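J.: Listed here are the chains, written in short residue letters.
2 protein chains.
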Amino acid sequence: MKLGILGYGVVGSGLINMIDKDSKDRGIEIKGILVKDKRKHIDKKHYEKITEDIEDIFSEDIDTLVELIGDEENAYKYIKRALENGINVVTANKAVIADYGDELINIAREKGVSLRFEASVAGGVPVIKVLSEAMSGNQIKSINAILNGTTNFILSKMHDEKLEYKDALKKAQEVGFAEADPSADVFGYDAARKLAILSNIAFEKRVNWKDLYICGIDKVSALDIDSASELGCRIKLICHSEVENGKVSGYVRPAAVETGNPLSGIVNENNLVEICGDSVGKIALVGKGAGSFATGSAVYSDVTDIIENPGSNLSEISDEITNVYKNPEKKEDFIVRYPVESYEVVENILSDNNLIFRKILSKDGDISVFIEKVTEKKLDEIDEYLKNTGFQKSSIRIIKID
Amino acid sequence: MKLGILGYGVVGSGLINMIDKDSKDRGIEIKGILVKDKRKHIDKKHYEKITEDIEDIFSEDIDTLVELIGDEENAYKYIKRALENGINVVTANKAVIADYGDELINIAREKGVSLRFEASVAGGVPVIKVLSEAMSGNQIKSINAILNGTTNFILSKMHDEKLEYKDALKKAQEVGFAEADPSADVFGYDAARKLAILSNIAFEKRVNWKDLYICGIDKVSALDIDSASELGCRIKLICHSEVENGKVSGYVRPAAVETGNPLSGIVNENNLVEICGDSVGKIALVGKGAGSFATGSAVYSDVTDIIENPGSNLSEISDEITNVYKNPEKKEDFIVRYPVESYEVVENILSDNNLIFRKILSKDGDISVFIEKVTEKKLDEIDEYLKNTGFQKSSIRIIKID
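Heads up: the sequence lines are chains A and B, in that order.
Letter by letter, the first sequence follows residues 1 to 402 of UniProt numbering.
Letter by letter, the second sequence follows residues 1 to 402 of UniProt numbering.
Each hint should be verified, as a subset may be incorrect.
Copies of the same chain look alike in the list, so a pair counts if it fits in one copy or across any two.
Straight-line Cα separation of at most 30 Å, DSSO-like style, residue types lysine-lysine; simulated pairs [said to hold, decoys possible]:
1) Lys326 / Lys80
2) Lys373 / Lys45
3) Lys377 / Lys141
4) Lys21 / Lys387
5) Lys247 / Lys24
6) Lys166 / Lys359
7) Lys247 / Lys21
8) Lys400 / Lys282
9) Lys45 / Lys282
Calculated from the structure, these hints are not laboratory results.
If you're wondering where the values come from, they're calculated on a predicted model, not measured in any experiment.
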């Protein structure tokens, strides 16, 4: 197996290390490595194979292109070119797969080569393999997951060190858990892309990640954290999708998770994915969702899978786009944060609607209220009423899950 | 894919149900089903394909034999015959794989057919696939697992309902969680066979299950349960194996697991397997280790794997038998139960050896003692001394894990 590798950063280094120490002699050979600036890699192994020119990679006689450059536009271009030229592709690029997975896998099928992307979701956790192979005879009913390490780290810091969001984000940036521009992580876009990929495979319908209900963690305050703790919960950025009567729904949002639920115990870069199949029941997978060796390990297993089963592809990836269904009538439990001065009004509406609720805590002019079995539609109505009567509407709705 | 199925019990029914509802039209066709007594299956689907004669199965033109009869001797015979005749085999039989896996997979390789056995360990949890495929580039360092539902159910009952072992066993038998003869489960043999299979694959060396350190749960008392609770632990039958400097060691034994450890929260028929790889780190898998549909799902995925990748086999199964290493000098924390009257003697020896220890609880003439960082060799010496001075030795040693 002759590899062209695009990118020699964190994941690339992990992969190359694994190839070099391969004890099984699988015959994996590195033919070229594309980087942006060759000088930065002068002390690295395989320096003689490093190039800044993509044409050097394609002019080598490679069987498989490993794409680890991150940048969506170029990655898409190179992946497509490789597949069209009958070259297998392994990628860790969630953006490319979320946006173009269906198109690219069709090209791979036509050309009789493989496109694999285990590392694009949950790093070292082999969730795509489990979904598509081990659960092959199951109708998948739902997915619950923590898929983003940055937000998980920030929320843990807020809980454990009583920090406000901004300070926790700063800490995350200092230790390398968050990027200088953390938008894709903290707004939930990264997690939503990953959830869309998993939902695609699980439900065999193309889910556009932008159609999911997405709420990031940037509005979570210390008051919300304390309120969740009062209820025996920890706030996590939860990814959930499900199918019911053929309709797919899903969200990425801060949720208060009871401490008995394994999702509440996931720390730092660890990911958890729980998949519910109609035959096997729930299967949960836990492991590192990021990191050089963890993600490198997932890329490596894709490479060895292609060696073992040349030309195989996921049959579940479909180009039938599905409408992501939103049900504003679904009743859930919520922690909602209102301005203190509006609370009397809120209380009246909740009472008039026979809803069960109670104040949890108040701080800095805000009050958090736990409301049982309420619809988002009703919460929207309350917000609308507050706005029309001169109050500020709620700052955040945190769903509570057992 | 033309199947001959041996056995139409719990797992067979789950599998056949999945085949019948297969939405993907994978072309799986049932050619014959072997049972012991045809009259018992008169109201079942595919009755016309049921036979009591194995020759009816082999005389059909089958590609794959699915072996689900349990009985080790016949299962081995039929599996071997199938493989020798160029027929793929899928089995859920841990006894056959633990005892003859190496021989059988060699025959499969020679004949260019597949032998698959995902369902033999941890039921619906795809641990063999994850070990052999998803962690392909990793050196596996250790395995920690709960692999037996019967003992897990009994120990949970003992904790939650304060039952003695005998009463908890009776309850387990009443609700179908334990067999009339529960020996293989409660003595730890079932778990040891499964651990041996996993260790085989993980360490690529044949581990004889009888060479593992095995201690069942039949000697665990209510006092032990209470003592573990006092330390913030729950007693679980833990399977552990590891490799260090090329030496494999492993045990199946009751262990006091701290409640923060996910192993402590596994209930009933659920299994947990945590595998540590040198690159990916720890991957944990949780799901149902038994049951009609869960185990049927694992068998089904093996069948679809053979359709996708005909002739493929695990490369990790080796016939190089390894010595399972025991290190009596390794220091661990233990809860040890002594007769109350011997405690003064025990106390003196522990003090003389500068060991840190403390009494936990006493009941019915027994006392439980928590001893830190002590070797099994030292505990053996104390037992020997007790015996020589007219006392009874300790009743049980429960290892404590964080």
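J.: Decide, hint by hint, whether the structure agrees.
T.: Status of the hints after comparison with the structure:
no., hint, in the structure
1, Lys326 / Lys80, "neither (33 Å within a copy, 54 Å between copies)"
2, Lys373 / Lys45, "neither (58 Å within a copy, 43 Å between copies)"
3, Lys377 / Lys141, "within (25 Å within a copy, 52 Å between copies)"
4, Lys21 / Lys387, "neither (63 Å within a copy, 52 Å between copies)"
5, Lys247 / Lys24, "between (46 Å within a copy, 19 Å between copies)"
6, Lys166 / Lys359, "within (26 Å within a copy, 49 Å between copies)"
7, Lys247 / Lys21, "between (47 Å within a copy, 20 Å between copies)"
8, Lys400 / Lys282, "both (20 Å within a copy, 29 Å between copies)"
9, Lys45 / Lys282, "between (43 Å within a copy, 27 Å between copies)"
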